[in-house]
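There are 2 protein chains.
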Amino acid sequence: MINYFSSDFTLGILGGGQLGKMMLYETRKYDIKTHILDPSKEAPSSIACNHFQQGDLTDYNTVYKFGKKVDILTFEIETVNLKALLQLEKEGTKVYPSPKTLEKIQNKGKQKLFYKEQGIPTAAFIRFSNKAHLTEGITNNKVKLPFVWKSTQGGYDGNGVSIVRNGSDVAKLPDTECIAEELIDFKNELAVIVVRSPKGTIKTYPVVEMEFHPEANQVEYVICPARIDEQIATKARKIAEKVSKAFEHVGILAVEMFLTKEDAILINEVAPRPHNSGHYSIEASYTNQFEQHIRAVLDLPLGNTNSKVGGVMVNLVGEKGHTGNVLYKNIETIMKMKGVTPHIYGKKQTRPFRKMGHVTIVNEDINEARIIAEKVKKTIKVISE
Amino acid sequence: MINYFSSDFTLGILGGGQLGKMMLYETRKYDIKTHILDPSKEAPSSIACNHFQQGDLTDYNTVYKFGKKVDILTFEIETVNLKALLQLEKEGTKVYPSPKTLEKIQNKGKQKLFYKEQGIPTAAFIRFSNKAHLTEGITNNKVKLPFVWKSTQGGYDGNGVSIVRNGSDVAKLPDTECIAEELIDFKNELAVIVVRSPKGTIKTYPVVEMEFHPEANQVEYVICPARIDEQIATKARKIAEKVSKAFEHVGILAVEMFLTKEDAILINEVAPRPHNSGHYSIEASYTNQFEQHIRAVLDLPLGNTNSKVGGVMVNLVGEKGHTGNVLYKNIETIMKMKGVTPHIYGKKQTRPFRKMGHVTIVNEDINEARIIAEKVKKTIKVISE
Numbered sequence: 001m002i003n004y005f006s007s008d009f010t011l012g013i014l015g016g017g018q019l020g021k022m023m024l025y026e027t028r029k030y031d032i033k034t035h036i037l038d039p040s041k042e043a044p045s046s047i048a049c050n051h052f053q054q055g056d057l058t059d060y061n062t063v064y065k066f067g068k069k070v071d072i073l074t075f076e077i078e079t080v081n082l083k084a085l086l087q088l089e090k091e092g093t094k095v096y097p098s099p100k101t102l103e104k105i106q107n108k109g110k111q112k113l114f115y116k117e118q119g120i121p122t123a124a125f126i127r128f129s130n131k132a133h134l135t136e137g138i139t140n141n142k143v144k145l146p147f148v149w150k151s152t153q154g155g156y157d158g159n160g161v162s163i164v165r166n167g168s169d170v171a172k173l174p175d176t177e178c179i180a181e182e183l184i185d186f187k188n189e190l191a192v193i194v195v196r197s198p199k200g201t202i203k204t205y206p207v208v209e210m211e212f213h214p215e216a217n218q219v220e221y222v223i224c225p226a227r228i229d230e231q232i233a234t235k236a237r238k239i240a241e242k243v244s245k246a247f248e249h250v251g252i253l254a255v256e257m258f259l260t261k262e263d264a265i266l267i268n269e270v271a272p273r274p275h276n277s278g279h280y281s282i283e284a285s286y287t288n289q290f291e292q293h294i295r296a297v298l299d300l301p302l303g304n305t306n307s308k309v310g311g312v313m314v315n316l317v318g319e320k321g322h323t324g325n326v327l328y329k330n331i332e333t334i335m336k337m338k339g340v341t342p343h344i345y346g347k348k349q350t351r352p353f354r355k356m357g358h359v360t361i362v363n364e365d366i367n368e369a370r371i372i373a374e375k376v377k378k379t380i381k382v383i384s385e
Numbered sequence: 001m002i003n004y005f006s007s008d009f010t011l012g013i014l015g016g017g018q019l020g021k022m023m024l025y026e027t028r029k030y031d032i033k034t035h036i037l038d039p040s041k042e043a044p045s046s047i048a049c050n051h052f053q054q055g056d057l058t059d060y061n062t063v064y065k066f067g068k069k070v071d072i073l074t075f076e077i078e079t080v081n082l083k084a085l086l087q088l089e090k091e092g093t094k095v096y097p098s099p100k101t102l103e104k105i106q107n108k109g110k111q112k113l114f115y116k117e118q119g120i121p122t123a124a125f126i127r128f129s130n131k132a133h134l135t136e137g138i139t140n141n142k143v144k145l146p147f148v149w150k151s152t153q154g155g156y157d158g159n160g161v162s163i164v165r166n167g168s169d170v171a172k173l174p175d176t177e178c179i180a181e182e183l184i185d186f187k188n189e190l191a192v193i194v195v196r197s198p199k200g201t202i203k204t205y206p207v208v209e210m211e212f213h214p215e216a217n218q219v220e221y222v223i224c225p226a227r228i229d230e231q232i233a234t235k236a237r238k239i240a241e242k243v244s245k246a247f248e249h250v251g252i253l254a255v256e257m258f259l260t261k262e263d264a265i266l267i268n269e270v271a272p273r274p275h276n277s278g279h280y281s282i283e284a285s286y287t288n289q290f291e292q293h294i295r296a297v298l299d300l301p302l303g304n305t306n307s308k309v310g311g312v313m314v315n316l317v318g319e320k321g322h323t324g325n326v327l328y329k330n331i332e333t334i335m336k337m338k339g340v341t342p343h344i345y346g347k348k349q350t351r352p353f354r355k356m357g358h359v360t361i362v363n364e365d366i367n368e369a370r371i372i373a374e375k376v377k378k379t380i381k382v383i384s385e
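Order-wise, the sequence lines are chains D and L.
So the first sequence is residues 1 to 385, counted in full-length UniProt numbering.
So the second sequence is residues 1 to 385, counted in full-length UniProt numbering.
Keep in mind that a hint or two might mislead.
Unchecked claim - Restricting the straight-line Cα-Cα distance to at most 20 Å, the calculated cross-link-like pairs of lysine to any residue (SDA-like) are:
hint, chain 1, residue 1, chain 2, residue 2
1, L, 33, D, 42
2, D, 338, L, 306
3, D, 144, D, 182
4, L, 381, D, 3
5, L, 336, D, 198
6, D, 33, L, 50
7, L, 203, D, 335
8, D, 203, L, 333
9, D, 329, L, 130
10, D, 375, L, 302
11, D, 329, L, 8
12, D, 329, L, 7
13, D, 336, L, 198
14, D, 33, L, 324
15, D, 41, L, 33
16, L, 33, D, 51
17, L, 381, D, 7
18, D, 348, L, 51
19, D, 33, L, 41
20, D, 348, L, 41
21, D, 261, D, 329
22, D, 33, L, 17
23, L, 348, D, 51
To be verified - Not the full set, but computed from the structure, chain L residues with beta-carbon under 10 Å of chain D:
hint, residue
24, 25
25, 184
26, 291
Derived from the structure by calculation, the hints contain no laboratory data.
The C-beta atom is built at its ideal place from N, Cα and C for all residues, glycine as well.
When you get a sec, could you build the whole thing from the sequences and use the hints?
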């Protein structure tokens, strides 16, 4: 057994954004030594780690050299140099999730093909290597409008995803490898956080329900537990487990799903790391997703995924028309509301729709939490000074 | 309204031990800038603050200069230079708790006299300026054996406190200012965490029950809620409120009490800061004591003091016969147990009875939590490598 606690053991984390920052609460709690690599010297995780290195996450040498100095390597963002991870693993560094898993997820085209191969239900799609091919596909009627366009690489938080309804929407698309996906007429968007250990022990969190902001295509409310039938919840958790096993994933995997009007569950996409849809767990769960991720990648026993209380999460995104030094207007007002905890990520500059923080509302009664969440949303504004 | 979040506002914290470390989880969550002063460069809070300074907390110039660079100053340890705090306050720096409050608490003799003045129930006592006077008091029968001896200054975690039963116990006492206190034949030791804002808004946490290790005189289990009558709990919370008001305290005040066999409540002593008896709140409460302290000293709205679930806290102290690089033996075993979260303070060296961490056990059923806590206590051992 490795001695992780107050020892020289070092965990490396690629990426130092808010997810890294929230992981560091847990490594501090356990006094586990950490190294962080991030391109920005003002990254939210630049403090609270034991060593911070500024560097390019997509550069082979930077990632390779960083990885050689740590005992176990994980990441909080998918866009990292895969070849460096493969080489590190070959040379004996433990990398979790494994580069082979990441390879299957990093490119959304490959991810979708994997679901098809594995018999995992997902929306119908076609992959195109560039915009010319996509346009050809539309002209040939292989792709019917409306459809969901997704860039195969580098998309996150609604970037790299568009609903294409007409010719002018097509014209606006960038020229990249992409997939055209059937637009699902869903009842609900759901997500299940799964955790899996290196030995294959697996646990799922309760199903959460997501409500999206119609314009920014960012999650507006995450509600746990989802207000759905228990049978459907059980089915969703089983499918999420299947997905995690199929990927041989280690750590936290966020599995986003559509619940169709016919009560079918289709996998939308996955994130191989702690995820926005699991932030509620900090206040609501027995073991939050960040601690759970650390437990999994270190091959420590997995914690309890049950909730103590109901939780609703509201994202704090920059207001339209505001760019500059951030001000959280009315934060004192929401701090008076029952069960409300704001999380400020530490980005000094706001801009429209930038993810600046989140607020968790916990309550024994999930419906009361949802009502308070709406008040929170209407009250706090992320503006510039 | 001051903009505390992701701004240049700076909170100074005197002391960088485990209490400071746990406060820093909260300042990170809110992205509040912090400066820490501690004599040890390896202090648990040396990372996760924005600026760490090594220096003597009892030195006037060190504390004064440190305080001049921050906007609001607080502390996590009582043994700090009081004159520097008084001067800083005079020159406009906000110091919470105020130096006037600290002055009344820092010296246990003054603290006891204050209870007497304010009509707050406490065990009978006599103050002695040195050991010769104490011995004279015993000889003259002013003090009867057995009694509780307390050093008036610098005591913590059972240091500076002894039960004196006979002449050889007297012989072992150091020569310092002290109090001789009536030995109370109590049913229970209780504590109430109180939080008070600069404007005087006050809230109390549920009463906790404490079980002490008979040899080390350190708390072994803290149980929340205490398994006592609701009437007694209400009375304890009211007395704790009265104590906080009397001291005009701002921030977290931990009020330790005896419940006598006749169901009277006597104040034992107070700590003007987050306290061991409130650690359970990290996992069990809607707002934990560290966040609550930050909210109070920054004059932000106070959070909910209620519990989501029951909680039991077990201290992790160094095993007898072990001095050196620490190893948390069987930590993986306790991490498998229901509702268990270990906290490792980050001290690299263990020694007998040194406080190295704590473990929280949460459960909807407090009796189940107590059973698991005993298993935790029997399983994990803080030893040297």
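Hints and how they fare:
Distance restraint check for residue 33 (chain L) and residue 42 (chain D): the Cα-Cα separation of roughly 13 Å lies within the 20 Å cut-off, and the hinted pair is therefore satisfied. The suggested pairing of residue 338 (chain D) with residue 306 (chain L) holds, with an alpha-carbon distance near 11 Å, which does not exceed 20 Å. A distance of roughly 8 Å separates the Cα atoms of residue 144 (chain D) and residue 182 (chain D); the hinted pair therefore holds under the 20 Å criterion. For the hint pairing residue 381 (chain L) with residue 3 (chain D), the CA-to-CA distance comes to about 14 Å; that is within 20 Å, so the pair holds.
For the hint linking residue 336 (chain L) to residue 198 (chain D), the alpha-carbon distance of about 16 Å falls within 20 Å, and the restraint holds. Between the alpha carbons of residue 33 (chain D) and residue 50 (chain L) the distance comes to roughly 18 Å, so the proposed pair stays at or under 20 Å and holds. Distance restraint check for residue 203 (chain L) and residue 335 (chain D): the Cα-Cα separation of roughly 15 Å lies within the 20 Å cut-off, and the hinted pair is therefore satisfied. Between residue 203 (chain D) and residue 333 (chain L) the CA atoms are separated by roughly 18 Å; this keeps the pair inside 20 Å, and the hint holds.
With a C-alpha separation of about 56 Å, the suggested pairing of residue 329 (chain D) with residue 130 (chain L) is violated against the 20 Å cut-off. At roughly 18 Å between alpha-carbon atoms, residue 375 (chain D) and residue 302 (chain L) fall within 20 Å of each other, so this suggested pair holds. For the suggested pair residue 329 (chain D) and residue 8 (chain L), the alpha carbons sit about 16 Å apart, so the restraint of at most 20 Å is met. About 13 Å separates the Cα atoms of residue 329 (chain D) and residue 7 (chain L), which keeps this hinted pair within 20 Å; it holds.
For the given pair, residue 336 (chain D) sits about 16 Å from residue 198 (chain L) by alpha-carbon distance, which is consistent with the 20 Å threshold. Among the hinted pairs, residue 33 (chain D) with residue 324 (chain L) is consistent with the structure: their alpha-carbon atoms are about 19 Å apart, no more than 20 Å. Of the pairs offered as hints, the one joining residue 41 (chain D) and residue 33 (chain L) holds, with about 16 Å between alpha carbons and a cut-off of 20 Å not exceeded. With a C-alpha separation of about 19 Å, the suggested pair residue 33 (chain L) and residue 51 (chain D) falls inside the 20 Å cut-off, and the hint holds.
A threshold of 20 Å between alpha carbons decides the hint, and for residue 381 (chain L) with residue 7 (chain D) the separation of about 16 Å falls inside it, so the pair holds. Between residue 348 (chain D) and residue 51 (chain L), the direct Cα distance comes to roughly 18 Å. Compliance with the 20 Å bound is thereby established for this hinted pair. Only pairs whose Cα atoms come within 20 Å are accepted, and residue 33 (chain D) paired with residue 41 (chain L) is accepted, the gap being roughly 16 Å. This hinted pair does not check out: residue 348 (chain D) and residue 41 (chain L) have alpha carbons roughly 29 Å apart, beyond 20 Å.
Distance check on the hinted pair: residue 261 (chain D) and residue 329 (chain D) sit about 39 Å apart at the alpha-carbon level, beyond 20 Å; violated. Restraint check for residue 33 (chain D) and residue 17 (chain L): satisfied, since their Cα atoms lie roughly 18 Å apart, inside the 20 Å limit. The straight-line distance between the Cα atoms of residue 348 (chain L) and residue 51 (chain D) is roughly 18 Å, inside the 20 Å bound, and the hint therefore holds. Among the interface hints, the one on residue 25 (chain L) holds; its C-beta lies about 6 Å from the nearest C-beta in chain D, closer than the 10 Å criterion.
Because the closest C-beta pair between residue 184 (chain L) and chain D is about 36 Å apart, greater than 10 Å, the hint is violated. Interface restraint check for residue 291 (chain L): the shortest CB-CB distance to chain D comes to about 8 Å, inside 10 Å, so the restraint holds.
The structure does not agree with the numbered hints 9, 20, 21, 25 stated previously, though it agrees with the rest.
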